[in-house]
Amino acid sequence: MPEKMPIKALEQQLNDVVSIKLKDQRIFRGRLTRCDMYMNLTLSDAEELENEAIRAKYGQVLIRGNNILWIQIPE
Amino acid sequence: MPEKMPIKALEQQLNDVVSIKLKDQRIFRGRLTRCDMYMNLTLSDAEELENEAIRAKYGQVLIRGNNILWIQIPE
Amino acid sequence: MPEKMPIKALEQQLNDVVSIKLKDQRIFRGRLTRCDMYMNLTLSDAEELENEAIRAKYGQVLIRGNNILWIQIPE
Amino acid sequence: MPEKMPIKALEQQLNDVVSIKLKDQRIFRGRLTRCDMYMNLTLSDAEELENEAIRAKYGQVLIRGNNILWIQIPE
Amino acid sequence: MPEKMPIKALEQQLNDVVSIKLKDQRIFRGRLTRCDMYMNLTLSDAEELENEAIRAKYGQVLIRGNNILWIQIPE
Amino acid sequence: MPEKMPIKALEQQLNDVVSIKLKDQRIFRGRLTRCDMYMNLTLSDAEELENEAIRAKYGQVLIRGNNILWIQIPE
Amino acid sequence: MPEKMPIKALEQQLNDVVSIKLKDQRIFRGRLTRCDMYMNLTLSDAEELENEAIRAKYGQVLIRGNNILWIQIPE
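Chains as they are written, first to last, in the working numbering: chain W, 1 to 75; chain G, 1 to 75; chain D, 1 to 75; chain Z, 1 to 75; chain E, 1 to 75; chain V, 1 to 75; chain L, 1 to 75.
Keep in mind that a hint or two might mislead.
Said to hold, decoys possible - Just the calculated beta-carbon pair ranges, DEER-fashion:
#, chain 1, residue 1, chain 2, residue 2, range
1, W, K4, V, L14, 25 to 35 Å
2, L, K57, E, G59, 38 to 48 Å
3, E, E11, V, K57, 36 to 46 Å
4, E, N15, Z, N66, 24 to 34 Å
5, G, D16, D, D16, 23 to 33 Å
6, E, N51, Z, Q12, 33 to 43 Å
7, G, D45, L, E52, 47 to 57 Å
8, D, Y38, V, D45, 42 to 52 Å
9, D, R55, G, E50, 38 to 48 Å
10, D, R55, V, L14, 30 to 40 Å
Worth flagging that the hints you see were computed from the coordinates, not collected in a lab.
It should be emphasised that the depicted structure is a prediction, and the values quoted were computed from it without experimental measurement.
Backbone N, C-alpha and C fix where the C-beta goes; we use that ideal spot for every residue, glycine too.
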């Protein structure tokens, strides 16, 4: 993929903490450990947030890309 | 598939117990016995959970990948 | 398809009774007579269930795979 | 398509009366006159049913396959 | 496309008046002037109906095929 | 694309004012400046309408084709 | 891609501020830093708006294209 592809911006965040909004309005936060071009990805130390409070901790989570609305990534 | 693909993280859990959140907000827990690149998968000893209580037991279940929001997998 | 594909687990149930949960939350139960890789399938002696009671009997039914959430299959 | 494909079971019903449940929960009943592999199909003498009563008569109707939940077909 | 394809039944209605039910439950009626294999189509003298009364008149309308539930076509 | 394709009817409206109904039931009106075969398109002088009153003005807007229900086009 | 493709109009806005309406009705505003043909894109200095007031600030955000309704782009 060319360097300027949006997905490349995600790959550059491997091992960084990202926040992910899903279509069901839940937010997951965790360390990005894997991702592919469909935005399928795995997080370690994954937390589910609600109104910025931690609602659940899941350890390692695989999120299906087609459920993702957006991903907040460190600059 | 390259080793670092998210789906590979699922394949490494074959025979382990995973929890799966579906788009209809139900959670299934069971032993992962098969999976493919679309996240179609089979569980044995499958249970459906609601508020962390067991709501139903199904034995062997085939889950269609496109209904999956996320999968919690052991580290 | 390789032997370990999830869809193969379904093919091995041909002529067995399976239960199928659809996206509209209805459950069908019947003898599996055909299936393909999209989970399109036919049941004979098909019944629609609601709270485990029989709601309707349909004889032979063709179910479109993309409406399926999960399939309970005998072990 | 191999003989055992689910769609083949539909093709074998050409000229028979079938009932079709759509995703919007409406049921159509009519004589199957054409079908393709996406389950696009045409009915003649098509009726729309509600609680088993006839709600409307449409003559010839073309139904888009991706709206179909299931099709009840004579055995 | 083979002569017996469902879409062919639509092509044979070019210049005839058809009624089209959309997924948002609106009905359009008009003269079919163009169609393609995805059921994208254009109507001239298009009217939007509600409970069989005319709700709006649009002149020429291009309807996106994937929103179509069914099309009533003259026999 | 053959001349009679529905999308061609849209291309012929380049520089004309069109009205577009989206799946979320909003209507956009503006001058069509670009379009492609997926019905992705750009409008200039775009207005959002509600009950035929102007609700907002956006200048140039790119609309994603898969959200479009229908497009009213001048004859 | 030909110069007149709608997506090209987006590429020409790289480094400009755009507003993006998502299917869940949220609006994001930020500087467009990357985009691809699926409308996947990244924004820097991204803000989420509600009734034209700023609801949240996210820094860098990757938005999945298939959630986008429309993009307001400077002329």
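- Item | Status of the given 38 to 48 Å range, CB of G59/E versus CB of K57/L | 45 Å, holds
- Task: Note whether the CB distance of D45/G and E52/L lies within 47 to 57 Å or breaks it.
- Result: 53 Å, holds
- Has the hinted range 30 to 40 Å been met by the Cβ atoms of R55/D and L14/V? 53 Å, violated
- Query: Okay, E11/E versus K57/V on CB: inside 36 to 46 Å?
  - Reply: 41 Å, holds
- Within 33 to 43 Å or not, the Cβ separation of N51/E and Q12/Z? The hinted range 33 to 43 Å holds for N51/E and Q12/Z, with Cβ atoms some 39 Å apart.
- Between N15/E and N66/Z, is the Cβ distance one that fits in 24 to 34 Å? 27 Å, holds
- Between R55/D and E50/G, does the C-beta distance stay in 38 to 48 Å? 22 Å, violated
- Query: Is it true that K4/W and L14/V lie within 25 to 35 Å of each other by Cβ?
  - Reply: 29 Å, holds
- Query: So does Y38/D sit 42 to 52 Å from D45/V, Cβ to Cβ?
  - Reply: 45 Å, holds
- Task: Check the following: the C-beta atoms of D16/G and D16/D are separated by a distance inside 23 to 33 Å.
- Result: Since D16/G and D16/D have Cβ atoms about 27 Å apart, the given range 23 to 33 Å holds.
Hints 9, 10, counting from the list given before, are not met by this structure.
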